[in-house]
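Q: Assemble the complex: chain A is given as a structure, and chains B, C and D with the ligands must be docked to it using the hints.
Those protein sequence lines, which keep their order, are chains A, B, C and D. Heads up: the first sequence begins at 1 in the working numbering, then just goes up one per residue. Heads up: the second sequence begins at 328 in the working numbering, then just goes up one per residue. Heads up: the third sequence begins at 655 in the working numbering, then just goes up one per residue. Heads up: the fourth sequence begins at 972 in the working numbering, then just goes up one per residue.
One or more hints might be untrue.
Stated by the list, open to error - Just the calculated beta-carbon pair ranges, DEER-fashion:
# : chain 1 : residue 1 : chain 2 : residue 2 : range
1 : B       : GLU572    : A       : GLY75     : 48 to 58 Å
2 : D       : ARG1272   : A       : ASP283    : 51 to 61 Å
3 : A       : GLY75     : C       : LYS871    : 22 to 32 Å
4 : D       : GLU1225   : A       : PRO185    : 39 to 49 Å
5 : D       : GLU1225   : A       : GLU245    : 30 to 40 Å
6 : D       : GLU1225   : A       : GLU51     : 53 to 63 Å
7 : C       : LYS871    : A       : PRO185    : 50 to 60 Å
8 : D       : GLU1075   : A       : TYR189    : 23 to 33 Å
Said to hold, decoys possible - Lysine-lysine pairs mimicking DSSO-like chemistry, simulated, CA-CA at most 27 Å apart:
#  : chain 1 : residue 1 : chain 2 : residue 2
9  : B       : LYS438    : D       : LYS1162
10 : A       : LYS280    : B       : LYS580
11 : A       : LYS280    : B       : LYS530
12 : D       : LYS1058   : A       : LYS176
13 : B       : LYS576    : A       : LYS295
14 : B       : LYS576    : A       : LYS322
15 : A       : LYS253    : B       : LYS607
16 : A       : LYS180    : D       : LYS1000
17 : B       : LYS622    : A       : LYS195
18 : D       : LYS1133   : B       : LYS350
19 : B       : LYS438    : A       : LYS295
20 : C       : LYS845    : D       : LYS1162
21 : A       : LYS280    : B       : LYS350
22 : A       : LYS111    : C       : LYS845
23 : A       : LYS111    : C       : LYS914
24 : A       : LYS111    : B       : LYS622
25 : B       : LYS503    : C       : LYS683
26 : A       : LYS280    : B       : LYS653
27 : A       : LYS226    : A       : LYS199
28 : B       : LYS350    : D       : LYS1194
29 : B       : LYS507    : C       : LYS683
30 : B       : LYS607    : A       : LYS280
31 : B       : LYS438    : D       : LYS1058
32 : C       : LYS845    : D       : LYS1133
33 : D       : LYS1100   : D       : LYS1187
34 : B       : LYS622    : C       : LYS741
35 : D       : LYS1162   : C       : LYS816
36 : A       : LYS23     : C       : LYS816
37 : B       : LYS503    : C       : LYS741
38 : C       : LYS845    : D       : LYS1188
39 : D       : LYS1162   : C       : LYS871
40 : A       : LYS181    : D       : LYS1000
Just so you know, the hints here were simulated from the structure itself, not pulled from any lab data. We put the beta carbon where it would ideally sit given N, CA and C, even for glycine.
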Amino acid sequence: MRKISYSEAIAEAQLQEMQRDEKVILMGLVQKDPYGSAFGQTKGISSVIGEDRIFDMPISEQGYVGAALGAAITGMRPVVELQFQDFITIAMDQIVQQAANMRYMFGGQIKIPLVLRAPTGAYLAAAAQHSHMLESWFAHIPGLKVVLPSDAADAKGLLASAIREDNFVLYFEHKKLYDKKMDVPKEPYTIPIGKAAIKRVGKDITIVAWSFMVSKAIEASQILEKQGISCEVIDLRTVSPLDEEAILKSVAKTNRLLVVQEGYWNSSVATSVSALVAEKGFDYLDAPITLITAKEVPIPFAPVLENYVLPQTNNIVETAQKILNKI
Amino acid sequence: MRKISYSEAIAEAQLQEMQRDEKVILMGLVQKDPYGSAFGQTKGISSVIGEDRIFDMPISEQGYVGAALGAAITGMRPVVELQFQDFITIAMDQIVQQAANMRYMFGGQIKIPLVLRAPTGAYLAAAAQHSHMLESWFAHIPGLKVVLPSDAADAKGLLASAIREDNFVLYFEHKKLYDKKMDVPKEPYTIPIGKAAIKRVGKDITIVAWSFMVSKAIEASQILEKQGISCEVIDLRTVSPLDEEAILKSVAKTNRLLVVQEGYWNSSVATSVSALVAEKGFDYLDAPITLITAKEVPIPFAPVLENYVLPQTNNIVETAQKILNKI
Amino acid sequence: MEKSIAQQIYKKMYAIRVFEEKVEVLFAKGELPGFVHLYIGQEACAVGVCANLSPEDYITSTHRGHGHCIAKGGRLDRMMAELFAKKTGYNHGKGGSMHLAASEIGILGANGVTAGGVPVAVGAALSSKIQNQGRVAVAFMGDGSTNQGTFHESVNLAAAFKLPVVFAVENNQFGVGTRFCTISNEPDIAKRAAGYNIPGVIVDGMDVVAVYQEAKKAIEYAKAGNGPTILEMKTWRYRMHFQGEPATYRNDIEETEWIKKDPLEIAKTKLKSMGLLDNAMIVDIEESVQKKLDEAVEFARNSPDPMPEDALTDLFA
Amino acid sequence: MEKSIAQQIYKKMYAIRVFEEKVEVLFAKGELPGFVHLYIGQEACAVGVCANLSPEDYITSTHRGHGHCIAKGGRLDRMMAELFAKKTGYNHGKGGSMHLAASEIGILGANGVTAGGVPVAVGAALSSKIQNQGRVAVAFMGDGSTNQGTFHESVNLAAAFKLPVVFAVENNQFGVGTRFCTISNEPDIAKRAAGYNIPGVIVDGMDVVAVYQEAKKAIEYAKAGNGPTILEMKTWRYRMHFQGEPATYRNDIEETEWIKKDPLEIAKTKLKSMGLLDNAMIVDIEESVQKKLDEAVEFARNSPDPMPEDALTDLFA
Ligand SMILES: Cc1ncc(C[n+]2csc(CCOP(=O)(O)OP(=O)(O)O)c2C)c(N)n1
Ligand SMILES: Cc1ncc(C[n+]2csc(CCOP(=O)(O)OP(=O)(O)O)c2C)c(N)n1
Ligand SMILES: [Mg+2]
Ligand SMILES: [Mg+2]
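Pulled out of the complex, with its shape left as it was, chain A reads as follows:
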C-alpha cells in the first residue's frame, strides 16, 4: 500500500466523494489550486474536478457557513472549511442556532447533508487564538455529530462517511497530524461515525483519547509496557455521539480509567467520559477516574510555556503509574 499524509488523505476523500456525487461542493478560504487550502487539505482537487464546484470564499465565516447550510437544505452536499477551528467562534450562530436546530425545529422537513471541516489543536507556538480544541462545545449541542480522526487512514474513511451522511457533521483535523504519513487504501472506503476504535489492546488500564492525543497515549503505552503495565488505548474517533458501549466494555475489563484530552477540563468530553463511567460503570472501578487535560490558561506562545500547559507523554506515563500504584 502507498503511504500518504493525513492532509493528503483528507484531500483524497473529498476528491473521491466529489467524483462519486456531483452534489458535493467545497466552500472555504483558498480552496482552489494552486493553494488547495492552508494545509493542503484540498490540494489538487480543483485541478481534477474543475472550478465549478469549489468556491473560494470571502473572510466571512458566519456568512459562508450559513450559505453552506442554505445550499445543504436545497439539494447540495457542501463541505465547508474554516481556516482554523478557532474562527468557528464567528460562525456559531449558523452552526448552533441554525444548523443544529433546523431539522428538529422544522419537524423533520429537511435534511442537512453538510460537513464542516477545521484544523484544530496546539503544540505549534501559534498562541491563544490559533490553538483551540473546541470539540467539547459541539459535543454539548444536540443535532451535531463531532468527529476527530487521529491518523491518515481514519481521516479518509471518516471523512467519506461524513460526506455521505445526511446530517451535519463537524470534522476536526489536528494540525500536528497533517504531515504524518501512513498506509492508506487508494479506493474509497468509509469508517462508521459514532464508533470508537481500540487502537491498542491491554488489560491493566483503559486510556481514552482522540485526535492528536491518541499518538501520545500509544507512545506512553509503549513505555509503560516495558514497566509491565498493559494499556488499552481507545480512540473515540467521534466525541458526539459517544460510543458508550466501547468505553464501558473496556473499563469492565481493566477496572481503571485514564482520559487524556488536549483541551480544557471544565465541561469537556473528558469529564463526560468520566461521568459516563461513574454512573454506568461505577461497579467496575478499582481506582479513581483520572483526567489529563490542558492547564486552565489560554495557550501561550513561548514553546517552554506551551509545553508546560499541554499534556505530554510523560504526564500520561506518570499518571498511569500512579493509578496502578507503581510509583
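A: Structure of chains B, C and D with the ligands alone, referenced to chain A:
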C-alpha cells in the same frame, strides 16, 4: 425587609453600582426607560442616572460586545447585555477569542472589568432558539468567570461582585426567575464569586444544582424529606471556577451525589462535577454518581414536548429514591 | 399586472390581516403558547414581493413571519395548528410561531435570530445557480436586522458571486423599542448597496402595487444572472413588537399618520382604479378567506397534541 | 508638515523595513517560533497614519502588525524579544508576533482574528468620548478583513454614535491567496462609507505624504466629534502572506509594477523635494535605526526564557 423580584434586584444592583462608580456604563438593546431591557432588568436606571452612561445598541451582538471590551480595557466598567443568551452565539469571537484571551495573551498588561449579562433557560415555550443554557461552553474556557444566580438576593449580591471585579464575568439570569420575589436587603452588598452556597442542609444525598434547578432541587428535597430522605442542596452559584471544596465536603458527608442540570449532558458542568468527585472524592462514594439533564434534542415549542425534554421535580425525587434504593 | 395576480394579492393581504387579528385574540385568551410577533401593517411587503415568486423559489423569514408564510402559499390550517403547538402543524409543534417552515413550497423557515436566515437564503441561491434551476431566493428581514454582521457578509457574498437573491428589507423604523435612526447614521438602508456595487431600491412598503413592481424588477434581474438587489420597503407595524410587550415608545402623531396609509385600503383603491378588482370580488375574497380561517382555527383546536415521546424524533435524518 | 515629523516618518518607515528584513532572516534560520506575517511594502500606511497620533491615542492592529507597533512607538527591543518568545518581550512571551500589545502607548494589540480588533477600537473610542478625553482610536485592517460582519457592525455603531474612530483599511488587494475583487463586487472599499453616511477616502498607500495628509483630516474630523471615516489605502505586500507560505498566486507583471512604487523611495523623494529631509539626515537616521535594531536582536537573544510556571500567571487581575 421589602420583597423585590429577581429582575428588580438585578436593576437595583446595577443602579447602585452606577451610583457608586461613575465608570460603570450599561450597553445593550433597549436599556433605557421606558423599556429598561426586555425583562425589566435595567428598568428605572436611566430615569435616575440620566442617559449619558446607558447605551441602546444596534442589533450587532459581536460588534457591541467587542465595543464593551474596548471600553473595559480603556477605563470604563461596562455591563453589556444580550437580549437572550442564545444570541451569544453571535458574539463568541469577542468573548472567547478576544476577551477571555486578552489579558493573558498580552502578558497581563491590561485589566478587563467587564460584565456580560444575559437571560438564559427554557420552560417558556420559546422553542429552540430562545431556550439555551450555554454556561458549560464558557466554563470550558479559561479566562472567564461564570455566575448563575438562583434567586433575587443572590442575584443582587453576585451582580455587585461581578461589577466590582477587575475581570470578565459572565452573569446568566434565568428567565423563569425574573418574577420571583423575596426579601432582598436595600443597601448594596456583595456575594463572593467562586463560592457555592448550601441552600439546604442534609445527610443522605448531595444534590448539586444552579440557576433555576436550585428551586426544583429544593422542591424535590421537601418531598423526599417526608419519605425520610434528607438531601443537602448545593447551589453552585458560580460554575467556573468550581467550588471544589464545597462539593467534596458535602459528598464526604452524604456519600451520594446527584447533579441536576437544565442544560445538556455531554461536555457540561454536570459532567465536570461528576468527574471532580470521581477523581478526588472517589473513596467517599457509596453509589454511582447520577446526573439529571435535558434530553438530547433542541428545546421543542409545544409545552407537552418541552416538559418531557427538561428536568422536572418528579425526576429528581425518583432518581434520589433510586440512588438510595428506596424504590 | 394580470387580474388573477391582483386578486391573489388582495386575497393574501386580507388573509394575513385576519389571520393576525385572530392570532391576537387567541393569544390574549391564552390559547397559544410562547411568543407572537404580528405582521399587521406590513402586508404589502410580503405579498408584493411573493406575488412574483413561484413555489420553487425560496424565501427565508423572520420572527415576524406569519405574513411571509401566507404570502408564499402557506396553508392557514397547518400554520394555525403550529401556533397551537399541535402535531398537525407545519413543524409538528416543534417550532411554533418563530420557526414556521414549509420546505415543499420553498419556505426555508422563519427565524428567531435577527438576520439569521439571510445567509441561508444566499446558500439557497448558490444551490439554484450551481444546478441551473433558475430559482431566486428572497431573504426577508427588518430594519434592525440589517445591522447584523451577517447582513453585510451575505450581501457581499451574493454580490461577488452574482447569486440570485433579493434582500427584502422591511423598514418599519423600529427594532423592538429602538428607532432605526438612533442606531444607524443613514436612514436609507438601500444606500448600503453602493458599497457592493449592486442596485439599492426604496419603495413605499404600504403600497402593494409599488412593491410588486419593484420586486418584479429585482427578481428578474436576479434570475437573469445579474446578482442581488437591496429592496427597502418603508413600512410600519401596527401592533406592539410582540404581543404582551410592556413598554410603549412610539409617537402617537406618527402612528396616526401611518395608520392612514393602511396597506389594505391602498391595495383596494389602487387595484380597483387599475380595473383589476371590484367590490364583488372583494366580498368574495373576504368571505372565502374568512371561511378558510375559521376552518383553520377549528382544525387547529381539534388536532391532537404531540405525544411526549415525539420529542425524541426528527433530530437526525 | 513639520521637519521633525518628516524625519520621524522616514525613521519609522526605515525601522519597519529593516526590522522586517531582520525578522525574515531570523525566522528562516529557525530562531523565531510560530507564524510571521511581514509588513514590508506597506510602511507608508502605518507610518502615515500614526504620525498623526499621540501616545494617548489608541490603535488596534492585525496579524500583520509589526509595522503598526513600530509606527505607534513600540520599542524594537521589546518587540524583538516577544518574537523570540522571551520573558522580556512586550507580552512576556505569551503573545508572540500576532498579539503584540503595548497598552502604555495605546497599542491595544495585534490580532490573530481578521477584523477582531475593529470593535475593540470602537469601544476605546466610546470610552474616550464618555470621558471627554479627546483621544482617537484607529482600527487597522486589511482588505480581506472588511468582509467580516464585525467591520459592518463596527462602522455602523461608530457612525451612529459619532465616535472618534478611523477605519484604516490597507487594501493590498489580497487576503492570503484570494484577490479582493473575486470575493467583493466593488473594488473600492471606501465606497461602503455611503451606506453609513460617513466620509470614505481613497489614498495611495505607497505615498506616505498622501497618507499622512488624508489621515490627518480623518483624525481631526473624528476628534472634532464628527464621527468615523473609512480611509482606504491602496497598497501591496512585498512578501508572501506568511513566511513559509507554500503557494504562489500573484502575477509577476503586477508585482513588478508595485515594487517600482517602493514606499521608502517615494518617501525619500517626496520629503526631500519638500525640503524636509536631506541625504545627511537619511544617513543619520538609517545608522541610528540600524544600531537600535542590532541592539534589539542582541537584547532578545540574551533575554531569559520564561519559566514554565510563568504559564500560570497573568490570567486574572
Ligand atoms: C440576534 C438577535 N438579537 C436580538 C434579538 C431580539 N429581537 C427579536 S426581534 C428584534 C427586533 C428586530 O427588529 P427588526 O429587524 O427591525 O424587525 P421588526 O421587529 O421591526 O419586524 C430583536 C432585537 C434576536 N431575535 N436576535
Ligand atoms: C476570522 C479569521 N478568518 C481567517 C483567518 C486566516 N487569515 C489570516 S490573515 C488572512 C488574510 C487577511 O487578509 P487581509 O485582511 O487583506 O490582510 P493581509 O494579510 O492582506 O494583510 C486570513 C484569511 C483569520 N486570521 N481570522
Ligand atoms: Mg423593524
Ligand atoms: Mg490584504
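Q: Now tell me, hint by hint, if it's right for this structure.
A: Taking the hints in turn, this is what the structure says about them:
1. B:GLU572 / A:GLY75: 48 to 58 Å: holds, 56 Å
2. D:ARG1272 / A:ASP283: 51 to 61 Å: Given a distance of about 59 Å, which is inside 51 to 61 Å, the answer is holds.
3. A:GLY75 / C:LYS871: 22 to 32 Å: holds, 27 Å
4. D:GLU1225 / A:PRO185: 39 to 49 Å: holds, 44 Å
5. D:GLU1225 / A:GLU245: 30 to 40 Å: violated, 59 Å
6. D:GLU1225 / A:GLU51: 53 to 63 Å: violated, 21 Å
7. C:LYS871 / A:PRO185: 50 to 60 Å: This hint holds: roughly 55 Å between Cβ atoms.
8. D:GLU1075 / A:TYR189: 23 to 33 Å: violated, 58 Å
9. B:LYS438 / D:LYS1162: violated, 37 Å
10. A:LYS280 / B:LYS580: Roughly 23 Å separates the two Cα atoms, so the pair holds.
11. A:LYS280 / B:LYS530: The hint holds at about 24 Å.
12. D:LYS1058 / A:LYS176: Since the Cα atoms of D:LYS1058 and A:LYS176 sit roughly 26 Å apart, the hinted pair holds (cutoff 27 Å).
13. B:LYS576 / A:LYS295: holds, 24 Å
14. B:LYS576 / A:LYS322: holds, 24 Å
15. A:LYS253 / B:LYS607: holds, 23 Å
16. A:LYS180 / D:LYS1000: Distance ~24 Å between A:LYS180 and D:LYS1000 Cα, so the pair holds.
17. B:LYS622 / A:LYS195: holds, 21 Å
18. D:LYS1133 / B:LYS350: Distance ~20 Å between D:LYS1133 and B:LYS350 Cα, so the pair holds.
19. B:LYS438 / A:LYS295: Cα-Cα ~21 Å, so holds.
20. C:LYS845 / D:LYS1162: Holds - the C-alpha atoms of D:LYS1162 and C:LYS845 are around 11 Å apart, at most 27 Å.
21. A:LYS280 / B:LYS350: violated, 51 Å
22. A:LYS111 / C:LYS845: Measuring from Cα to Cα gives roughly 37 Å; hence the hint is violated.
23. A:LYS111 / C:LYS914: violated, 45 Å
24. A:LYS111 / B:LYS622: With a Cα-Cα distance of about 21 Å, the restraint between A:LYS111 and B:LYS622 holds, given a limit of 27 Å.
25. B:LYS503 / C:LYS683: holds, 21 Å
26. A:LYS280 / B:LYS653: holds, 19 Å
27. A:LYS226 / A:LYS199: OK: A:LYS226 and A:LYS199 at ~18 Å, within 27 Å.
28. B:LYS350 / D:LYS1194: At roughly 21 Å apart (the allowed maximum being 27 Å), D:LYS1194 and B:LYS350 satisfy the hint.
29. B:LYS507 / C:LYS683: holds, 24 Å
30. B:LYS607 / A:LYS280: holds, 19 Å
31. B:LYS438 / D:LYS1058: The given pair, whose Cα atoms are some 20 Å apart, holds under the 27 Å limit.
32. C:LYS845 / D:LYS1133: holds, 19 Å
33. D:LYS1100 / D:LYS1187: holds, 19 Å
34. B:LYS622 / C:LYS741: Holds - the C-alpha atoms of C:LYS741 and B:LYS622 are around 20 Å apart, at most 27 Å.
35. D:LYS1162 / C:LYS816: Distance ~19 Å between D:LYS1162 and C:LYS816 Cα, so the pair holds.
36. A:LYS23 / C:LYS816: Holds. A:LYS23 to C:LYS816 sits at ~20 Å (cutoff 27 Å).
37. B:LYS503 / C:LYS741: holds, 26 Å
38. C:LYS845 / D:LYS1188: holds, 24 Å
39. D:LYS1162 / C:LYS871: holds, 24 Å
40. A:LYS181 / D:LYS1000: With a Cα-Cα distance of about 26 Å, the restraint between A:LYS181 and D:LYS1000 holds, given a limit of 27 Å.
Hint compliance for this structure: hints 5, 6, 8, 9, 21, 22 and 23 are not met, and every other hint is.
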